[in-house]
Amino acid sequence: MRHVALFQRFSETELEAIARAGQTRQYARDETIFVEGEPCAGLFVLLTGRVQLCKYGPQGQVSIISLIDPVLMFNEVAALDRGPNPVTAIAAQEVTAWRAGAEDFADMMLRHPELALGLLQVLARRNRLLTHLYEDLSFRPVLSRVAKLLVLLSQNGACAIERRRHPNGQMSARVSTVPEAFSRSLRLLREAGMISCTEREIVVLDAVALGRVAESGELLPA
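First residue of the sequence shown: 1, per my numbering; consecutive thereafter.
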């Protein structure tokens, strides 16, 4: 937990007391950790594995709001206002997470006011990320969002994207589209010579051109 910036300022004794105020639990791959709209599940810190935070549409369509890797907090909004969970959290891999209930977390903030100040910074960063996500969904076509995601996952073309770690269904949900539309975008980018695809990985061949598509949403000539 000391890897979480919010807890780094505490002494060993204080951190041990905070850790004892919650519980650690393991979740199997694809297990639901908590569900959107249900009563507050508390504050979580992901210790191992990976968690996807999702929103579901009226017809069951899914958008992945964020993929959480260790060591990171999640569900802090519900823990603060004690309202319903704002998203659904699913274990994308086997997960170990620490959880504190809303009441326990409120007691922690009363004993350690610096927790509340640190959490304000976390929420400000998350708000900026959500603003960028809203801009992408509102103003970028699917092809642009797919290109932007490939640039991000490949670290601007520096590494291959492992398809077992990033399956099509997950990536399509991250750009809020259906797998068929995501696959069509991959095909267009592959035919344009910007990426290569195998069953194992996606390799960015032309990061500059892919970046232009991410910005314009069009397959423009070089």
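Honestly, I wouldn't trust all of these hints.
Claimed, not checked - Computed Cβ-Cβ distance ranges for the label pairs, DEER-style:
#1 LEU123 / GLU12: 40 to 50 Å
#2 LEU72 / SER138: 33 to 43 Å
#3 LEU137 / PRO70: 42 to 52 Å
#4 GLU135 / SER11: 40 to 50 Å
#5 GLN155 / PRO84: 16 to 26 Å
#6 LEU110 / GLU38: 22 to 32 Å
#7 LEU205 / ALA5: 17 to 27 Å
#8 GLN155 / GLN26: 29 to 39 Å
#9 GLU12 / SER196: 46 to 56 Å
It should be emphasised that the hints constitute simulated quantities derived from the structure, not laboratory data. Treat the numbers as computed from the prediction; the structure is a model and nothing was measured. Idealized CB from N, CA, C, for every residue including glycine.
For each hint, the structure was consulted:
no. : hint                       : verdict
1   : LEU123 / GLU12: 40 to 50 Å : violated, 27 Å
2   : LEU72 / SER138: 33 to 43 Å : violated, 26 Å
3   : LEU137 / PRO70: 42 to 52 Å : violated, 27 Å
4   : GLU135 / SER11: 40 to 50 Å : holds, 41 Å
5   : GLN155 / PRO84: 16 to 26 Å : violated, 36 Å
6   : LEU110 / GLU38: 22 to 32 Å : holds, 26 Å
7   : LEU205 / ALA5: 17 to 27 Å  : violated, 36 Å
8   : GLN155 / GLN26: 29 to 39 Å : holds, 30 Å
9   : GLU12 / SER196: 46 to 56 Å : holds, 49 Å
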